[in-house]
Structure formats: C-alpha cells, structure tokens
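**Student:** Sequence:
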Amino acid sequence: MQGFILTPIDGVELMNTYLKAIMAGAAMFGTVISAGTALAGRHPQPDERAALERVLTQEGFTSWGEIELDDGLWEVEDARTKSPADGKFDLKIDPKTLKIVVRHKDD
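Numbering (UniProt numbering), first residue to last: 1 to 107.
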C-alpha cells in the first residue's frame, strides 16, 4: 500500500483551502453575533419617542432613563413621578397599544 505524499505546492494549496474555510466560518460567526447584538434592543425613532413620552407624562411620570425596544416591548428604565417618595420604576409598554403592561418598582 502506497502512502499519500504531498508536494510543497500541494501543501500550500491545502493550507490555503483550510485557511479559507476557517476565515469563512469566522466571518459567519461574526455576522451571527453582530446580528444578535443589533436585535437586542433598538432606541425609538423620533415619532415613537414622542408618543412614548406622551404616554409616560399622562401616566404621571416626569423623568425616565433609557428607552429601548426589546423582546417586542418598549422598556423604560428608571421612570420617576413628581414625588421622590414613589421611587423609580422600570416599565414595559406595548408598542401597538402604548399601554403600560409591566410596572416594576426599582429597589
């Protein structure tokens, strides 16, 4: 039985093939990771922000932190009312109805 012998040229071509496969895999992995990050949360467009701020104001909130769309709901961090005694709330707002569906008091 005869063994498989690589010439130097064959070895370089084989190495190039492996490197191309590794680079393609790394590129696909990077694309998947960045796509997941991009979908993790997005900030509201100006018209969405205006509508959300109207709702927050109507519900008695006077200030709030970051607003982002995550898992299909607008998430509002550190929403505060006029009364400091009320503390801060994390809110979730349905983007279709603009109703507050979760109101969690921050500790």
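Since the hints were made in silico from the structure, they are not lab data.
Accuracy of the hints is not assured; some may be wrong.
[Said to hold, decoys possible] In silico BS3-like pairs for lysine-lysine, Cα to Cα no more than 25 angstroms straight-line:
#: 1; residue 1: 99; residue 2: 82
#: 2; residue 1: 105; residue 2: 82
#: 3; residue 1: 88; residue 2: 105
#: 4; residue 1: 99; residue 2: 88
#: 5; residue 1: 92; residue 2: 82
[As the list claims (entries may be wrong)] Now the in silico label distances, taken between C-beta atoms and shown as ranges:
#: 6; residue 1: 20; residue 2: 72; range: 37 to 43 angstroms
#: 7; residue 1: 13; residue 2: 77; range: 53 to 59 angstroms
#: 8; residue 1: 22; residue 2: 60; range: 28 to 34 angstroms
#: 9; residue 1: 63; residue 2: 22; range: 27 to 33 angstroms
#: 10; residue 1: 13; residue 2: 68; range: 29 to 35 angstroms
#: 11; residue 1: 101; residue 2: 20; range: 17 to 23 angstroms
#: 12; residue 1: 22; residue 2: 97; range: 30 to 36 angstroms
#: 13; residue 1: 20; residue 2: 107; range: 24 to 30 angstroms
#: 14; residue 1: 47; residue 2: 103; range: 55 to 61 angstroms
#: 15; residue 1: 66; residue 2: 20; range: 38 to 44 angstroms
#: 16; residue 1: 13; residue 2: 43; range: 47 to 53 angstroms
As the structure is a prediction and not an experimental result, all values here were calculated from the model.
Glycine included, each C-beta is placed from N, C-alpha and C at the ideal position.
**Student:** Is it true that residue 20 and residue 107 lie within 24 to 30 angstroms of each other by Cβ?
**Tutor:** Check failed, 53 angstroms falls outside 24 to 30 angstroms.
**Student:** If I claimed the Cβ atoms of residue 13 and residue 43 lie 47 to 53 angstroms apart, would that claim hold in this structure?
**Tutor:** Between residue 13 and residue 43, where Cβ atoms are some 49 angstroms apart, the hint holds.
**Student:** Taking 25 angstroms as the top limit, are the C-alpha atoms of residue 105 and residue 82 close enough?
**Tutor:** Holds, at roughly 15 angstroms.
**Student:** Given the hinted pair residue 88 and residue 105, is their Cα-Cα distance within 25 angstroms?
**Tutor:** Satisfied, since the Cα-Cα distance of roughly 6 angstroms is no more than 25 angstroms.
**Student:** Straight-line Cα separation of residue 99 and residue 82 no greater than 25 angstroms?
**Tutor:** 20 angstroms, holds
**Student:** Please verify whether residue 99 and residue 88 have alpha carbons no more than 25 angstroms apart.
**Tutor:** Roughly 18 angstroms separates the two Cα atoms, so the pair holds.
**Student:** If you check the beta carbons of residue 20 and residue 72, does the distance land in 37 to 43 angstroms?
**Tutor:** 39 angstroms, holds
**Student:** Has the hinted range 28 to 34 angstroms been met by the Cβ atoms of residue 22 and residue 60?
**Tutor:** 57 angstroms, violated
**Student:** Quick check: does the Cβ-Cβ distance between residue 13 and residue 77 fall within 53 to 59 angstroms?
**Tutor:** 55 angstroms, holds
**Student:** For the range 38 to 44 angstroms, tell me whether the beta carbons of residue 66 and residue 20 fit it or not.
**Tutor:** Once the Cβ atoms are compared, 42 angstroms apart, the range 38 to 44 angstroms for residue 20 and residue 66 holds.
**Student:** Is 55 to 61 angstroms a correct range for the gap between the Cβ atoms of residue 47 and residue 103?
**Tutor:** 24 angstroms, violated
**Student:** Quick one: are residue 101 and residue 20 within 17 to 23 angstroms, going by C-beta?
**Tutor:** 49 angstroms Cβ-Cβ, so the 17 to 23 angstroms window is violated.
Violated hints, listed in ascending order, are 8, 9, 10, 11, 12, 13, 14; each of the other numbered hints is respected by the structure.
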